[in-house]
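The chain contents come next:
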Amino acid sequence: MVLGVIMERKISVPLYAGALIISLVIFIIGIFVGQIIDASNLQTISEDLSHVSQKVASINLLLLMEDNSSSFCPVYMEQLQSIDQEIEIVGHKLTYLEEEKNIYDSELKKDYFVQEAESYLLSKKAKQLCNDSSILLVYFYSNVDCASCQDQGIEILKARDELLGKGITVKIYSFDGDMGSSVAESLMTQYNIVSYPSIVVNGAVYSGYKDSNAVSSIIQSMVSE
Amino acid sequence: MAIDIVTLLNYSIAFFSLFVVSVFLLLYLKHRNSYLKPPKKTDWRPMVSVIVPAYNEGKYISDSLTSILAIDYPKDKLDIIVVDDGSTDSTYESAKKFECQSLRVFTKKNGGKGSALNFGIGKAKGELIATMDADSYLTKNVLLELIPHFTDEGVMAVTPAVKIKQSNSWLKEFQRIEYLMILFSRKLLSFIDSVPVTPGPFSMFRASVLEKIGGFDEHNLVEDQEIALRIQANNYKIKSSMTAEVYTEPPDTVSSLLRQRVRWQRGGVRNYWKYKFMIKPQYGDFGMYFIPLNFATITAFFVLLGLMVHSVISTPYYVKYIWFDAFGLGVDLFTFIAAFVIITSLCFLYLSIKSFKGEKVSLRYLLLFIIFYWYLMVGYNVLFVLKELRREGYSW
Chain S
138 MVLGVIMERK
148 ISVPLYAGAL
158 IISLVIFIIG
168 IFVGQIIDAS
178 NLQTISEDLS
188 HVSQKVASIN
198 LLLLMEDNSS
208 SFCPVYMEQL
218 QSIDQEIEIV
228 GHKLTYLEEE
238 KNIYDSELKK
248 DYFVQEAESY
258 LLSKKAKQLC
268 NDSSILLVYF
278 YSNVDCASCQ
288 DQGIEILKAR
298 DELLGKGITV
308 KIYSFDGDMG
318 SSVAESLMTQ
328 YNIVSYPSIV
338 VNGAVYSGYK
348 DSNAVSSIIQ
358 SMVSE
Chain L
3 MAIDIVTLLN
13 YSIAFFSLFV
23 VSVFLLLYLK
33 HRNSYLKPPK
43 KTDWRPMVSV
53 IVPAYNEGKY
63 ISDSLTSILA
73 IDYPKDKLDI
83 IVVDDGSTDS
93 TYESAKKFEC
103 QSLRVFTKKN
113 GGKGSALNFG
123 IGKAKGELIA
133 TMDADSYLTK
143 NVLLELIPHF
153 TDEGVMAVTP
163 AVKIKQSNSW
173 LKEFQRIEYL
183 MILFSRKLLS
193 FIDSVPVTPG
203 PFSMFRASVL
213 EKIGGFDEHN
223 LVEDQEIALR
233 IQANNYKIKS
243 SMTAEVYTEP
253 PDTVSSLLRQ
263 RVRWQRGGVR
273 NYWKYKFMIK
283 PQYGDFGMYF
293 IPLNFATITA
303 FFVLLGLMVH
313 SVISTPYYVK
323 YIWFDAFGLG
333 VDLFTFIAAF
343 VIITSLCFLY
353 LSIKSFKGEK
363 VSLRYLLLFI
373 IFYWYLMVGY
383 NVLFVLKELR
393 REGYSW
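Chains S and L, in that order, give the protein sequences.
The first sequence begins at 138 in the numbering used here and counts up one residue at a time.
The second sequence begins at 3 in the numbering used here and counts up one residue at a time.
Keep in mind the hints are simulated off the structure, nothing from the lab.
All C-beta atoms in this analysis are idealised placements derived from N, C-alpha and C, irrespective of residue type, glycine included.
Each hint should be verified, as a subset may be incorrect.
Capping the alpha-carbon separation at 25 angstroms, the derived lysine to any residue pairs in SDA-like fashion look like this [unchecked claim]:
#, chain 1, residue 1, chain 2, residue 2
1, L, K32, S, V162
2, L, K167, L, K32
3, S, K147, L, I194
Negatives, chain L to chain S, calculated, CB over 12 angstroms [to be verified]:
#, residue
4, F21
5, T68
6, K239
7, R263
8, V271
9, K282
10, D287
11, F304
12, N383
13, R393
So here's chain S without its partners, still in its complex pose:
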């Protein structure tokens, strides 16, 4: 009667070593691919900002040529909307890279602030020339020394959503005051900003954290005046 032969066990070391090597190779390739993609993404954002810069330059040129005439408004508003959209997309991309992937490019961020500031100034001009009813909200924050700044940003977005439902358009321009951006520092000096977070709504300054209801109330009271 065959009882059954006990087998000699072995550990397939070459198998596991091979699997380890494959895993390491894929892992390392993945790290490189990730880095290449990150660099490519930053390059794309830089090109987007150049594109915005060209559009801003075109509008400024047109304004000079048309001698700030309001008959130029339809073209002006259309171009401005396009610039705002492109700036917003760049802002979203930068936020994603910073918040989700911890990728910070301070020079790119400063370029972004420059374009944002130009868009803000053009929007201010549009309000004067073309009677644009949009509310311009400038938000000053710090990533270094402001515990409530991230929450404040979220509350401003919530307020914007709520007001859009009531037919009020709010354009948001946000600047990090501690990044060494001369444009941001200039605007802070202009509005006498001394603490974070601070918001400037159609030129009026409000300091300290405000939830979405408070932000909405400020804007709605301005609209009703």
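Assemble the complex: chain S is given as a structure, and chain L must be docked to it using the hints.
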């Protein structure tokens, strides 16, 4: 610090997944020309006892016994033993109709599948003993395909190709695809002597060694797995046949499927815990790779689930604005690794189906499987943990 832990866990899970997939990939590449080849045919026709434990299987027992009696094997070498485990329906009466020289029917007080199997083993005359479920359907050549494996004196048990018949039920098709994948991976594991289960629907053992290591554990949730682990613990070989086909009846509702899978998982984890003493070099690949792999896989699964929940909970409000514009920016190391793991898994799925000539899977069911299999795994893994934490009793 919390962010660092999350990143570390992400890297660990990614690397672990890569490693496991790579082991299977290398096993396939090494054996790709031979894994479908059956062993050399033999003229050896030992006495085979087929034990059929049955509890309230009145609906299926007749078809099952018909299929056994139709097996291509000398009838004087076949010893079929039906053990009615105290059924309350017509199981005993239906089986009795088939009683003949090669088929005996016994009845006993209800004691569970393990006790019915052990009762049958006690009555068995065969040199080889096959155990099966009463709702299994055997193909004609099943014994002739399994027996050649036993010409290797080191082989103690052989598992057949347990499959599910094609149907129009999405749930059954889902399981049919899954069973093909299980078969494929079990075959690969047999190359490192790491077959972890002798399936209940049909398995074949050497009678003498069953006598040596003892019969089935009558108090185990998954006695078919436990006996396989006991065989492995005694350093006997278990081989896997891709050509001996057996069809089993799968659960036909989501709740019965979940119940089955929770039982498998609860029983499986308990069995691996019982046999954790095998994590030693003397138990070769099975002890040093396969058993730790099971513990690591369950841990990794829950860590991954936790990471996904954490990711959803910590998603900031502004994401709804940025996700569209930021689409594509997220491609990174993990995307690359996930792509490798997913593509390799899909290749395995393809190979699993292709390995069996007669098996055709419609694209519709294949896509359903690929999309929803993850949810089934989440469902039964979460349930199994809850039941264990609540120390719930077992139910079949």
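- Hints broken by the structure, by number, lowest first? 2, 4, 6, 9 and 10
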